Amino acid sequence: MNSNKPYQTNLSREDIELYRSTTDEAVKHRIEKDSLENDFDADALEGWSMPSTTPLNMKRLDKKFKPSSKLYIWGTAILVVGIITSIVLFNGKKTVDNQKTILTAESSSIKVEQTDVVTPAKIEAMQELPKKQQITIQTIIKDFTIQKTEEKNTEKTEVIDNLPITKIEEAEKETALIKETTLGKEIYLYDMKLLDYRAYRSKPKITTKQMVLTGTPANVGETTELEEATEWKNVDIPYIEYVSKTMELFSKGQNKKALSRFQVILETYPDDVNANFYAGLCYYNLKEFTSAVSAFNQCIDSKYTNFNEEAEWYAAKSLLADGKKSEASTLFQKIITANGYYAAQAKKIVANL
Amino acid sequence: MFSFKRKTYRTKSDEELVAIYKNEQHSECIGILYERYGHLVMGACMKYLKNVTESEDVTMQIFEGLHHKLLKHEISYFKSWLYMVTKNECFMLFRKKGISTSSLEFTEVKDENLNDEQQLNEQKLSALEEVIPFLKDEQRSCIELFYLKEMSYQQICDELNLTMMQVKSAIQNGKRNLKLRLEERNEFK
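Taken in sequence, the protein lines are chains A and B.
Heads up, the first sequence is in our numbering, so the first residue is 18 and it goes up one at a time.
Heads up, the second sequence is in our numbering, so the first residue is 12 and it goes up one at a time.
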């Protein structure tokens, strides 16, 4: 265990974040079991399990001790004023929704990412689909849960048997290139499937702009006087931490906020299957069907096949919603032929086309 | 230059970092140790002190104190030593406040053998199965559900209708008792 590390710790910060956010009992068990290997780890996990704790509790200490820490601006700007300042700096006098969600942090010093405050104008201009027509979180979670259960019940040999021979033949006809594909390690955050890139990238990080807001509590938040201007700084955030917050926003139906963060991930990792797949869902819910299809196709083109089935299904639905019946029908037929999880639903749709 | 040193230091073991610090008093070493264990110290403090502000203060004191403690003490296994320091600092705070610490298991932590981490591996499962029946009912049930059925703490709480505290305590104490039993049988020598 941890043989590649020069020190002996089973419980990382990422594990703590994951433990606090996941609802997957198997993941929780794995972290609990690992931490029990050492009393220090076990005590720490117990401490971090207390409801009053948040990862923000480490921020003050990080500034003081972390080697990468720099001298941050320790102003007295009040929280709301800090946000107004950032709006002035980056987006004129544009109204910002969800400011209050940023203000709920329990620390007197809060780090705000640019995407929390400023949604790119292109995304801001998008219109949400009526709720009834959106791809709901419940549907996504339900599909993942059923598929996960089916996978558990399927023998490994069956998986090999199920590989459709016709599919291989088609692939050979279409292209002479052989694409290397693999099923990656998965984790679940907010009950939604993600490829666990920690297993494939060394120290995955997302570069984004962040501002440190310091100052007085929210009870003086009505003041409009600008006390001190703060500034955005480029920071590297651990991938899992960034994705976790993004999935939280997505799980709450905040498509625009989530999409702007998925785009930040794609700036660093253009082939990221998690960002492409969930960005595709955001685009769908924001009536941007062409962008949705493009995102799902990017996802399918990746060497990791974890989202292929879902991405094909939602790409077909996006084409249909975009009025491209012929292309949608071709893709639905492909899904029916593959006879996977979405085959029955695809049959119903094709019958009504 | 600092960045280069930092990269080099990150590949060092804890004990090597301590040795470097003793020779060069380079604070980057303490920064790296904080990166590795800051969250463990903070978490353990929160477990014992149950107060976020006090935990932050104690964690800060501990890492500030490393500057002179590393020079003063002979440390053979840094993580265990830091765990002992953390518990002692919490203990001192309790003593200042006049709170009894008898229930907090403030026993001195001895250097752990690194091989401890592999003790409950599959090779020992058969030996474990033989000594598990010697545990008290609650500890046995919790250990079986946790290690053999791979349930999470929450699932065990639901299954046995116990509180989270009871489950964690039963697993930790049960594990300790198992270790003692196995040591008696020379399984883990």
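Simulated from the structure, these hints should not be mistaken for laboratory data.
Computed from a predicted structure; not experimentally measured.
Watch out, some of these pointers could steer you wrong.
[Said to hold, decoys possible] The following residues of chain B were derived to be distant from chain A, with all beta-carbon distances above 10 angstroms:
(1) Lys58
(2) Phe145
(3) Leu173
[As the list claims (entries may be wrong)] To give an idea of the chain A side of the interface with chain B (calculated C-beta under 8 angstroms), a few residues:
(4) Asp56
(5) Pro68
(6) Met75
(7) Arg77
(8) Lys81
(9) Lys83
(10) Thr198
[As the list claims (entries may be wrong)] Simulated DEER-style distance windows between Cβ atoms:
(11) B/Ser38 x A/Gln150: 41 to 51 angstroms
(12) A/Gln350 x B/Glu155: 45 to 55 angstroms
(13) A/Lys83 x B/Asp169: 30 to 40 angstroms
(14) A/Lys148 x B/Gln72: 19 to 29 angstroms
(15) B/Lys160 x A/Glu284: 37 to 47 angstroms
(16) B/Glu141 x A/Asp288: 50 to 60 angstroms
(17) A/Arg218 x B/Thr64: 30 to 40 angstroms
(18) A/Thr224 x B/Gln177: 43 to 53 angstroms
Heads up, the beta-carbon is just placed ideally off N, CA and C, and yes, glycines get one too.
Quick rundown of the hints versus the structure:
no.: 1; hint: Lys58; in the structure: 4 angstroms, violated
no.: 2; hint: Phe145; in the structure: 20 angstroms, holds
no.: 3; hint: Leu173; in the structure: 15 angstroms, holds
no.: 4; hint: Asp56; in the structure: 7 angstroms, holds
no.: 5; hint: Pro68; in the structure: 11 angstroms, violated
no.: 6; hint: Met75; in the structure: 6 angstroms, holds
no.: 7; hint: Arg77; in the structure: 6 angstroms, holds
no.: 8; hint: Lys81; in the structure: 7 angstroms, holds
no.: 9; hint: Lys83; in the structure: 6 angstroms, holds
no.: 10; hint: Thr198; in the structure: 30 angstroms, violated
no.: 11; hint: B/Ser38 x A/Gln150: 41 to 51 angstroms; in the structure: 58 angstroms, violated
no.: 12; hint: A/Gln350 x B/Glu155: 45 to 55 angstroms; in the structure: 51 angstroms, holds
no.: 13; hint: A/Lys83 x B/Asp169: 30 to 40 angstroms; in the structure: 39 angstroms, holds
no.: 14; hint: A/Lys148 x B/Gln72: 19 to 29 angstroms; in the structure: 52 angstroms, violated
no.: 15; hint: B/Lys160 x A/Glu284: 37 to 47 angstroms; in the structure: 44 angstroms, holds
no.: 16; hint: B/Glu141 x A/Asp288: 50 to 60 angstroms; in the structure: 51 angstroms, holds
no.: 17; hint: A/Arg218 x B/Thr64: 30 to 40 angstroms; in the structure: 36 angstroms, holds
no.: 18; hint: A/Thr224 x B/Gln177: 43 to 53 angstroms; in the structure: 45 angstroms, holds
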